[in-house]
Amino acid sequence: MTDPQKPWIHGRKPGDRRVRVERPHSAFFRYSGPGTLVAREAASAPRTASGRLVERVRHVLFGRRLSIHEEANERLSKKKALAIFSSDPISSSAYATEEILRVLVLAGAAVLLVSLPIAIAVAVLLTVVSLSYRQIVRAYPSGGGDYAVARRNLPRMASLIVAAALLLDYVMTVAVSTASASEQVISAVPDLANFQVGIAVVAIVLITLGNMRGLSESGNIFAVPTYLFVGSALLMIVIGVFRVVVNGESAPPPNPLPGAPAVPEMLGVLLLIRAFASGSVALTGIEAVANGVPAFKPPEPKNAAATLSAVAVILAVLFVGITFVAYSFGIVPIDDPIRRTVISQVAAVIYGDGSIGFYLFQTFTALILFLAANTSYNAFPRLAAILARDGYMPRQFSFRGDRLAFNSGIVVLSIVALVLLVAFGGDTHALIPLYSVGVFVAFTIGQSGMIFHWLREKPQGWQRGLAINLLGCTMTGVVAVVVLIAKAPTSLLVAIVIPIMVVVMLFIHRQYDASAGHLAVRPDAVFPAPRRDERVIVPIPSINRAVVQAVNVGRSIAPDVRAVLISDEPEEAAAIREQWERQVPDVPLVIVESPYRALVGPLLAYLQVLDQTWPEGKEYPVTFVVIPEYVARHWWERILYNQSANRLRRALIGRPHTVVVNVPYRREVEVPESHRGPADS
Amino acid sequence: MPDQKQRVPFRKAVLGLNGGPTDELVVHLGCQLAKSAGNAELVAVHVIEVDWRHELSEELSIENETASALLDMAEGIAEQYKVKLSGDLLQAREVAAALVDEAIEVGADAIIVGLPYRQRFGGDFAIGDAIPYIFQNAPCQVIVVREAVASSAERQTAPDQPELVGARGGR
Numbered sequence: 016m017t018d019p020q021k022p023w024i025h026g027r028k029p030g031d032r033r034v035r036v037e038r039p040h041s042a043f044f045r046y047s048g049p050g051t052l053v054a055r056e057a058a059s060a061p062r063t064a065s066g067r068l069v070e071r072v073r074h075v076l077f078g079r080r081l082s083i084h085e086e087a088n089e090r091l092s093k094k095k096a097l098a099i100f101s102s103d104p105i106s107s108s109a110y111a112t113e114e115i116l117r118v119l120v121l122a123g124a125a126v127l128l129v130s131l132p133i134a135i136a137v138a139v140l141l142t143v144v145s146l147s148y149r150q151i152v153r154a155y156p157s158g159g160g161d162y163a164v165a166r167r168n169l170p171r172m173a174s175l176i177v178a179a180a181l182l183l184d185y186v187m188t189v190a191v192s193t194a195s196a197s198e199q200v201i202s203a204v205p206d207l208a209n210f211q212v213g214i215a216v217v218a219i220v221l222i223t224l225g226n227m228r229g230l231s232e233s234g235n236i237f238a239v240p241t242y243l244f245v246g247s248a249l250l251m252i253v254i255g256v257f258r259v260v261v262n263g264e265s266a267p268p269p270n271p272l273p274g275a276p277a278v279p280e281m282l283g284v285l286l287l288i289r290a291f292a293s294g295s296v297a298l299t300g301i302e303a304v305a306n307g308v309p310a311f312k313p314p315e316p317k318n319a320a321a322t323l324s325a326v327a328v329i330l331a332v333l334f335v336g337i338t339f340v341a342y343s344f345g346i347v348p349i350d351d352p353i354r355r356t357v358i359s360q361v362a363a364v365i366y367g368d369g370s371i372g373f374y375l376f377q378t379f380t381a382l383i384l385f386l387a388a389n390t391s392y393n394a395f396p397r398l399a400a401i402l403a404r405d406g407y408m409p410r411q412f413s414f415r416g417d418r419l420a421f422n423s424g425i426v427v428l429s430i431v432a433l434v435l436l437v438a439f440g441g442d443t444h445a446l447i448p449l450y451s452v453g454v455f456v457a458f459t460i461g462q463s464g465m466i467f468h469w470l471r472e473k474p475q476g477w478q479r480g481l482a483i484n485l486l487g488c489t490m491t492g493v494v495a496v497v498v499l500i501a502k503a504p505t506s507l508l509v510a511i512v513i514p515i516m517v518v519v520m521l522f523i524h525r526q527y528d529a530s531a532g533h534l535a536v537r538p539d540a541v542f543p544a545p546r547r548d549e550r551v552i553v554p555i556p557s558i559n560r561a562v563v564q565a566v567n568v569g570r571s572i573a574p575d576v577r578a579v580l581i582s583d584e585p586e587e588a589a590a591i592r593e594q595w596e597r598q599v600p601d602v603p604l605v606i607v608e609s610p611y612r613a614l615v616g617p618l619l620a621y622l623q624v625l626d627q628t629w630p631e632g633k634e635y636p637v638t639f640v641v642i643p644e645y646v647a648r649h650w651w652e653r654i655l656y657n658q659s660a661n662r663l664r665r666a667l668i669g670r671p672h673t674v675v676v677n678v679p680y681r682r683e684v685e686v687p688e689s690h691r692g693p694a695d696s
Numbered sequence: 770m771p772d773q774k775q776r777v778p779f780r781k782a783v784l785g786l787n788g789g790p791t792d793e794l795v796v797h798l799g800c801q802l803a804k805s806a807g808n809a810e811l812v813a814v815h816v817i818e819v820d821w822r823h824e825l826s827e828e829l830s831i832e833n834e835t836a837s838a839l840l841d842m843a844e845g846i847a848e849q850y851k852v853k854l855s856g857d858l859l860q861a862r863e864v865a866a867a868l869v870d871e872a873i874e875v876g877a878d879a880i881i882v883g884l885p886y887r888q889r890f891g892g893d894f895a896i897g898d899a900i901p902y903i904f905q906n907a908p909c910q911v912i913v914v915r916e917a918v919a920s921s922a923e924r925q926t927a928p929d930q931p932e933l934v935g936a937r938g939g940r
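Protein chains in written order, with this note's numbering: chain A, 16 to 696; chain B, 770 to 940.
Please keep in mind that the hints were generated in silico from the structure rather than gathered at the bench.
Treat each hint with caution, since some may be false.
Claimed, not checked - List of simulated lysine to aspartate or glutamate pairs, DMTMM-like, C-alpha gap at most 25 Å:
id	chain 1	residue 1	chain 2	residue 2
1	B	Lys804	B	Glu844
2	A	Lys473	A	Glu549
3	B	Lys804	B	Glu916
4	B	Lys851	A	Glu70
5	B	Lys781	B	Glu874
6	B	Lys804	A	Glu56
7	A	Lys93	A	Glu315
8	A	Lys28	B	Glu793
9	A	Lys28	B	Glu916
10	B	Lys851	A	Asp575
11	B	Lys853	B	Glu810
12	B	Lys851	A	Asp417
13	B	Lys804	B	Glu793
14	A	Lys28	B	Asp820
15	A	Lys28	B	Asp893
16	B	Lys853	B	Asp878
17	B	Lys781	A	Glu37
18	B	Lys853	A	Asp417
19	B	Lys851	B	Glu810
20	A	Lys633	A	Glu586
21	B	Lys853	B	Glu793
22	B	Lys804	B	Asp820
23	A	Lys633	A	Asp528
24	B	Lys853	B	Glu874
25	A	Lys28	B	Asp878
26	B	Lys853	A	Glu472
27	B	Lys804	B	Glu848
28	B	Lys851	B	Asp878
29	B	Lys804	B	Asp898
30	B	Lys851	B	Asp898
31	A	Lys28	B	Glu827
32	B	Lys781	A	Asp31
33	B	Lys853	A	Glu315
34	B	Lys781	B	Glu916
Stated by the list, open to error - Derived list of chain B stretches under chain A, where covered just means 3 residues or more per stretch with a C-beta under 8 Å from a C-beta of chain A:
id	region
35	792-799
36	875-889
Positions of the beta carbon are idealized from the N, C-alpha and C atoms, including for glycine.
Work out the full structure, taking the sequences as your base and the hints as a guide.
The following block contains the structure:
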């Protein structure tokens, strides 16, 4: 609009005049096309003092609000992707050896010898699984991993089981990785033993805050700890192997082991299976590359497949290497008097206990474990968002916060991980049985989805892909069952939780489907203005400015307006009627005496009576219940006002043919002099 | 060694936008130069030309929405470059005079305008009236960016040719 106060601006020459045109929208919006506005940051800014205070706190905690255009879409090189995607799988080498040894020590020192063959067997399984995932990477370059494969190739139930298993896997990754990281810290600094759970809790809280600030995984900050851990662990293995093979150094394991219960000397098959099931935790996280194929630089599938192979090779070398060195130096888990992890003992033997090398290695190990926990903060919220978009989780999981992060997913992930962590006392060993089952269920269903993919699509060379996925599916399926049985009874919890999660997802989907069915409009339908009677009911407590304003709003809606006073004091009601008929003569007042002092019930009954008196065969009118409300200026005033109005509103929502209209009265409203009361003088 | 300050193209520049095909080119160029100049500031100006049948201050709502969208486009591009740009919407009888006067008022030391490649009947190159006026009257430096001939040729097939300089309102 042009400014009437400053109509013309004179130019240098006579007759050169111009008018500045105001653009009132420009502070809050930007036109992106005819009739289309894009909100600027200012449009989202809070307008109240308390809102601004909250905003300031949020700003300090989470940083400034980001536009969707500021989303980083950096494509990852293989080197960077290797670091980012490998932190989760590679970090499991920090505790996988220990899990095998914890089972074997129960049978005595002699059986520790089989730890190495078991580690090799797990490495073989890892090879098969990584080869299987290479097929997924190539077949589904758009990413999504097992859930995407299952959704496209298998019945809905299978994809939901995968989704539930993966969600559980991500939660367990956070709990196990932070618990293990905390144990690494304590192994290096035993004085912190009393703070084991506390360290993990603080780590989760910090990672949560970081992710709600929109912490990007693509930063170099995430690549450095991974390479430092891999480098220092490989060096440790090389030195260890050299000392064992060339120098002939080795040490027998202590026997009997401290804290170990007495068990028969015979090594049973069950023990072997249990040890293998425990060691298979090394495979957790190997699916991360398949989930993030689009993040790679082109050609994405080729680079992702190469990265996946590299991750598998590094993980296998670290896992088998650490197991070899641990066995060679007679290292077993120590819980008493203070827990010392196997990997920290290996570092102590190779780098020297208390040396700088030892502390650096422990730092790198803790860092990569924290980093592994962080990868779940990327995967869980994204999967939850996909499920929410598919209608299997509440829609708020698909909404992104001020920093473009899926905040609901992040918060839920943190809460569940914290609960598990505290419930299991931050004990990695106790948590791991819950971890492996879900992972192998997801692996198995993902591989079976790929089998159907090959059989249906039959692209060139499909027989080879089918054979690999068939082998992968069979092996992971067997391991899933083995882990479930071997790790019982804790693992059985997963067998209960996953079906519950699936049932909840199905329930949510049914609800969304039903509401969508109710709300759907036919695309060819045209909606003319309705021809339906309307009436207005204004519930009033007395005569005041808020009531007058509500009555005036009612008058603008329909000519049929009536005020209703629910009162338990007849004398007071009579006085109000006298005043009402004098001051608002054209709006009838109905007084409903309520000897039982109820407010909502009599009003609802009155509305029902009105409906019952409506002529039969004629469509019911729309009843507008116009509720006057006094707007509290401060947050603490809210408890003083509008409680009855709130109750009334809650009772009316869902009533057929009824529309609730709130008419807020603000103190700032200018009042004509003739309407003013004694308080204004 | 040459003085770095002398090489700064401008401290404040007016971008003349006309709703034509060169607008984006002008804004991108302005932003690139402003970024290279450090904290240089841009003022995107669009002048709605009001003919004599209408009051100069008459509200031309349809024109204003189109013009606002144009300035908003410029602001959007500047945000990508992280360059400070403000939009200025004017109504005037003469586009070029208003642009020069506005540049003087805001203290701009450069005006950047675009020139589509067009030919009169007979094949002569047409520069229009506005740019010669700016050349003759602007006290600051003037940067004219002419679109590539290829862009012009591509546009020949498209309907609704935009105006050369200045949107003409009040018709």
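How the hints compare with the structure:
With a CA separation close to 14 Å, the supplied pair lysine 804 of chain B and glutamate 844 of chain B stays within the 25 Å bound. Annotation: proposed proximity of lysine 473 of chain A to glutamate 549 of chain A is violated, straight-line Cα distance about 64 Å (limit 25 Å). Annotation: proposed proximity of lysine 804 of chain B to glutamate 916 of chain B holds, straight-line Cα distance about 22 Å (limit 25 Å). Under the criterion of a C-alpha separation no larger than 25 Å, the hint pairing lysine 851 of chain B with glutamate 70 of chain A is consistent with the structure, at around 24 Å.
Between lysine 781 of chain B and glutamate 874 of chain B the alpha-carbon distance is near 12 Å, which keeps this suggested pair within the 25 Å criterion. With a C-alpha separation of about 23 Å, the suggested pairing of lysine 804 of chain B with glutamate 56 of chain A holds against the 25 Å cut-off. At most 25 Å may separate the alpha-carbon atoms for a hinted pair to count; lysine 93 of chain A and glutamate 315 of chain A meet this at roughly 10 Å. Our distance criterion of 25 Å between C-alpha atoms is broken by lysine 28 of chain A and glutamate 793 of chain B, whose separation comes to about 31 Å.
Distance restraint check for lysine 28 of chain A and glutamate 916 of chain B: the Cα-Cα separation of roughly 31 Å exceeds the 25 Å cut-off, and the hinted pair is therefore not satisfied. Note on lysine 851 of chain B and aspartate 575 of chain A: the hinted pairing is violated, with a Cα-Cα distance of about 57 Å set against a maximum of 25 Å. Simply put, lysine 853 of chain B and glutamate 810 of chain B have alpha-carbon atoms about 5 Å apart, close enough for the 25 Å limit, and the pair holds. Distance restraint check for lysine 851 of chain B and aspartate 417 of chain A: the Cα-Cα separation of roughly 20 Å lies within the 25 Å cut-off, and the hinted pair is therefore satisfied.
Taking the CA atoms of lysine 804 of chain B and glutamate 793 of chain B, the gap is about 16 Å. The hint holds against a cut of 25 Å. Taking the CA atoms of lysine 28 of chain A and aspartate 820 of chain B, the gap is about 18 Å. The hint holds against a cut of 25 Å. This hinted pair does not check out: lysine 28 of chain A and aspartate 893 of chain B have alpha carbons roughly 31 Å apart, beyond 25 Å. The suggested pairing of lysine 853 of chain B with aspartate 878 of chain B holds, with an alpha-carbon distance near 16 Å, which does not exceed 25 Å.
As the CA atoms of lysine 781 of chain B and glutamate 37 of chain A are separated by approximately 22 Å, the hinted pair is consistent with the 25 Å bound. Between lysine 853 of chain B and aspartate 417 of chain A the alpha-carbon distance is near 23 Å, which keeps this suggested pair within the 25 Å criterion. Between the alpha carbons of lysine 851 of chain B and glutamate 810 of chain B the distance comes to roughly 11 Å, so the proposed pair stays at or under 25 Å and holds. Distance check on the hinted pair: lysine 633 of chain A and glutamate 586 of chain A sit about 38 Å apart at the alpha-carbon level, beyond 25 Å; violated.
Annotation: proposed proximity of lysine 853 of chain B to glutamate 793 of chain B holds, straight-line Cα distance about 16 Å (limit 25 Å). Note on lysine 804 of chain B and aspartate 820 of chain B: the hinted pairing is violated, with a Cα-Cα distance of about 37 Å set against a maximum of 25 Å. This hinted pair does not check out: lysine 633 of chain A and aspartate 528 of chain A have alpha carbons roughly 32 Å apart, beyond 25 Å. Taking the CA atoms of lysine 853 of chain B and glutamate 874 of chain B, the gap is near 18 Å; set against the 25 Å cutoff, the hint holds.
Straight-line distance between C-alpha atoms of lysine 28 of chain A and aspartate 878 of chain B comes to about 20 Å, which keeps the hinted pair within the 25 Å bound. Between lysine 853 of chain B and glutamate 472 of chain A the CA atoms are separated by roughly 54 Å; this puts the pair beyond 25 Å, and the hint is violated. This hinted pair checks out: lysine 804 of chain B and glutamate 848 of chain B have alpha carbons roughly 12 Å apart, not beyond 25 Å. Distance restraint check for lysine 851 of chain B and aspartate 878 of chain B: the Cα-Cα separation of roughly 20 Å lies within the 25 Å cut-off, and the hinted pair is therefore satisfied.
With a C-alpha separation of about 31 Å, the suggested pairing of lysine 804 of chain B with aspartate 898 of chain B is violated against the 25 Å cut-off. Only pairs whose Cα atoms come within 25 Å are accepted, and lysine 851 of chain B paired with aspartate 898 of chain B is rejected, the gap being roughly 33 Å. A hinted pair counts as satisfied when its Cα atoms are at most 25 Å apart, and lysine 28 of chain A with glutamate 827 of chain B qualifies at roughly 22 Å. The straight-line distance between the Cα atoms of lysine 781 of chain B and aspartate 31 of chain A is roughly 23 Å, inside the 25 Å bound, and the hint therefore holds.
Restraint check for lysine 853 of chain B and glutamate 315 of chain A: not satisfied, since their Cα atoms lie roughly 38 Å apart, outside the 25 Å limit. Of the supplied pair hints, the one linking lysine 781 of chain B and glutamate 916 of chain B holds, its CA atoms being roughly 23 Å apart against a limit of 25 Å. Given as covered by chain A, the region 792-799 of chain B fails the check, having 0 residues with a CB less than 8 Å from a CB of that chain where 3 are the minimum. Coverage of the region 875-889 of chain B by chain A is violated. Counting CB-CB distances below 8 Å, 0 residues qualify, and the rule asks for three or more.
The structure fails hints 2, 8, 9, 10, 15, 20, 22, 23, 26, 29, 30, 33, 35, 36 (numbered hints given earlier, in ascending order).
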